[in-house]
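As given, the protein sequences belong to chains A and B, one line each in that order. Counting from 1 along the first sequence, just add 812 to a position and that's the residue number in the working numbering. Counting from 1 along the second sequence, just add 11 to a position and that's the residue number in the working numbering.
Derived by calculation from the structure, the hints in this document are not laboratory data. Hints may be right or wrong, so weigh each one.
Computed list of lysine to any residue pairs in SDA-like fashion (alpha-carbon distance at most 20 angstroms, straight line) [unchecked claim]:
id: 1; chain 1: B; residue 1: Lys173; chain 2: A; residue 2: Ile993
id: 2; chain 1: A; residue 1: Lys901; chain 2: A; residue 2: Asp915
id: 3; chain 1: B; residue 1: Lys109; chain 2: B; residue 2: Lys173
id: 4; chain 1: A; residue 1: Lys932; chain 2: A; residue 2: Arg991
id: 5; chain 1: B; residue 1: Lys254; chain 2: B; residue 2: Asn328
id: 6; chain 1: B; residue 1: Lys339; chain 2: B; residue 2: Gly307
id: 7; chain 1: B; residue 1: Lys173; chain 2: A; residue 2: Pro995
id: 8; chain 1: A; residue 1: Lys901; chain 2: A; residue 2: Thr943
id: 9; chain 1: B; residue 1: Lys173; chain 2: A; residue 2: Tyr975
id: 10; chain 1: A; residue 1: Lys978; chain 2: B; residue 2: Tyr261
id: 11; chain 1: A; residue 1: Lys978; chain 2: B; residue 2: Gln58
id: 12; chain 1: B; residue 1: Lys229; chain 2: B; residue 2: Tyr261
id: 13; chain 1: B; residue 1: Lys173; chain 2: A; residue 2: Lys932
id: 14; chain 1: B; residue 1: Lys173; chain 2: A; residue 2: Asp918
Coverage of chain B stretches by chain A, computed from C-beta distances (three or more under 8 angstroms per stretch; other residues unrestricted) [said to hold, decoys possible]:
id: 15; region: 108-116
id: 16; region: 216-224
id: 17; region: 238-248
id: 18; region: 343-356
id: 19; region: 406-419
Note that the Cβ used here is the ideal one computed from N, Cα and C, for glycine as well.
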Amino acid sequence: MKKLLVFLIPLLCIVLMFNTCSKKTAGVQEDKGEAAAKVTPAPEQPKPVQKPDTLAQAPAPVVTPPPAEPKPVIADTQKVAAIAEPSLKDELAQCNTVYFDYDRYDLRPDAIATLEKAAKVLKQYPNAIITIEGHCDERGTVEYNLALGERRAHAVKTYLINYGIKPDNLITISYGKERPIDPGHNEEAWAKNRRAVLVPSDSK
Amino acid sequence: MKKNLSLICLISFLNVTGSSQTDVFLKIQSDETRKINVAIAEFGTNQNPELAINLRQIIIDDLNYSGFLNVVDPLISPAGDLIFDNSEVIITGDVTHKSNYFNFVFGLTESVTGRKLMTKSLRSYPFALRVLAHTVSDEIVYQLCGEYGNACTKIAYVTEQKGGKELALMDWDGHRATLLTRNRSINLLPCWSNDGESLIFTTYAFGGGPILARYIFKDQQIERFIARAGTFTSPEYSPNGKKVAFVLTYEGNADIYTADRNGQNLQRLTSNPAIDTAPSWSPNGREIVFTSDRSGSPQIYIMDAEGGNVRRLTYENNYNSSPKWSPKGDQIVFVSNQSHGFQIYLIDVTGENLICLTDNTGSYENPTWSPNGSHLVCASNRSGRWEIYSMLRDGSLLRQLTFTGGNTGPAWSPRLKPFN
């Protein structure tokens, strides 16, 4: 893997140089429209080399000029996408799950804080397809929980759309109470199970 | 299932004699609280006593659980003779082995008068003993009560297997359980077609979110029910089998729809911003009972089958769901969240006579009716694991049907061929 990276990074640079020249117009315009001012995509190249922990911090403070860079990379070569994909997963790992109160689907303050982080990450991957899974605890009926899980997923989706994530990139799936993450039968387990999870798609 | 169906066909009614139902027993049937006492003499046999004993025991279990009959042991006189004073009807039977099959002749005799009520002869094979026993049991209940028992029905349910939740099938007494699906996905909430030939259910087996699919017993195949994309759950066949009510969730909002049997012609019944789910048809097909949280908490509502005329049925407790309309049309069974978990409740369709059927031991889910309305089947974690249980409609005779854990979402079949 390391050898592959060493080989790919120079290649990536070359590809980038060409691409930023040829496809600049389309990429730049689209990004400006969505990203507004404060969100800044992290530089794409160093990412695969860095560790996940530091990556999560990366996007926040510095405002860097060319938002066009990451986009053509993902779109263009499959090899590059294969490297970029795990980093999205890693970045999202810090902020991919939000929790809900019993029989509720409104976003709590802690959920909003988490989703804000997630939205910032997703902003850097405008082509990433994200599945939002909605889950419930066991204290409800199968049918009702399927509907409630869908609502939770949709509440997350609505937040991300309002943040500027493309609706077409967001898929919602309710698992009701069928996939608890904690098999316990107490409030601690239930609180963990009432959740929505952002899962990056393997392909595209 | 193919095999099961053919087993049933092996049994042929060779002759039916004196099947005159007496007025006496039909009258008794109208008095629901009183069961008919019957005695079952030991069955005669020309060679295989074990088979005769097993056959008799299955019939005893069936009749005792029928809700209509009570099997009593005959009294024994000082001289050692059997006396049938404590029973109203005596059941006799005789097993005659032929080469690879056997004939079973059974009869009903009125104790007081000694009058023969009926005699019947059936043919079966030793490996189909349980099928024969259930057939005999239902026939006895029919002859004495004017209504078939549930012994020839089956229960479909969801069972946790490695990699997923699969559909499974068992006899009404929990025997002969078999897996129907092996797709290692999540399959939920099966519902029988009125002809007993298919199940419609919610599945994740096609990738993505939940959609509706049908399991066809004849082909042992699963087919997608509605072609268009979307999130579909909670299907239920209409009583005549021509339509399916289900839930379609769009933009996070669950509403109730119907479609024709072929999955075409979607009609929207509710358009409320609240969750509307778990539809169940009235036996005449004119109304649908469902769950909605439009009042702020999940409650039971009834509407016309076209979606109009919505009225709220439950007002007590803050979480009522999973309603199922009784086959006789008079009651709704549902679950209600109590301090000890969900309990099973009955309420008249008028909203009166709310009663709890369960004992607050554990939680109960998804009660559904037997085809004649005499029994209910449900899932419960009262043993510490989720298992399927049946009971009489008054909550008595709770019987555990599964013992493997992870069993939920049962659905009771209609009377299966060739008996309807």
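Quick rundown of the hints versus the structure:
Of the supplied pair hints, the one linking Lys173 (chain B) and Ile993 (chain A) holds, its CA atoms being roughly 16 angstroms apart against a limit of 20 angstroms. Distance hint between Lys901 (chain A) and Asp915 (chain A) is unfulfilled; the C-alpha atoms sit about 29 angstroms from each other, more than 20 angstroms. Of the pairs offered as hints, the one joining Lys109 (chain B) and Lys173 (chain B) is violated, with about 44 angstroms between alpha carbons and a cut-off of 20 angstroms exceeded. Using a Cα cut-off of 20 angstroms, the hinted pair Lys932 (chain A) and Arg991 (chain A) is violated, with the two alpha carbons roughly 28 angstroms apart.
Using a Cα cut-off of 20 angstroms, the hinted pair Lys254 (chain B) and Asn328 (chain B) is violated, with the two alpha carbons roughly 32 angstroms apart. Taking the CA atoms of Lys339 (chain B) and Gly307 (chain B), the gap is about 31 angstroms. The hint is violated against a cut of 20 angstroms. For the hint linking Lys173 (chain B) to Pro995 (chain A), the alpha-carbon distance of about 16 angstroms falls within 20 angstroms, and the restraint holds. Under the criterion of a C-alpha separation no larger than 20 angstroms, the hint pairing Lys901 (chain A) with Thr943 (chain A) is consistent with the structure, at around 12 angstroms.
Between Lys173 (chain B) and Tyr975 (chain A), the direct Cα distance comes to roughly 40 angstroms. Violation of the 20 angstroms bound is thereby established for this hinted pair. As the CA atoms of Lys978 (chain A) and Tyr261 (chain B) are separated by approximately 18 angstroms, the hinted pair is consistent with the 20 angstroms bound. This hinted pair does not check out: Lys978 (chain A) and Gln58 (chain B) have alpha carbons roughly 77 angstroms apart, beyond 20 angstroms. Annotation: proposed proximity of Lys229 (chain B) to Tyr261 (chain B) is violated, straight-line Cα distance about 34 angstroms (limit 20 angstroms).
Of the supplied pair hints, the one linking Lys173 (chain B) and Lys932 (chain A) is violated, its CA atoms being roughly 38 angstroms apart against a limit of 20 angstroms. Pair hint Lys173 (chain B) plus Asp918 (chain A) does not hold up; C-alpha atoms about 34 angstroms apart against a cutoff of 20 angstroms. With a cut-off of 8 angstroms between beta carbons, the region 108-116 of chain B has 0 residues touching chain A; three or more are needed, and the interface restraint is violated. Restraint check on the region 216-224 of chain B versus chain A: 3 residues with Cβ-Cβ distances below 8 angstroms, three needed, restraint holds.
Residues of the region 238-248 of chain B lying with their CB closer than 8 angstroms to a CB of chain A number 3, which satisfies the three-residue condition for coverage. For a cut-off of 8 angstroms, the count of residues in the region 343-356 of chain B with a CB near a CB of chain A stands at 4, and the three-residue condition holds. Check on the region 406-419 of chain B: 1 of its residues sit with their Cβ under 8 angstroms from a Cβ of chain A, so the three-residue criterion for coverage is violated.
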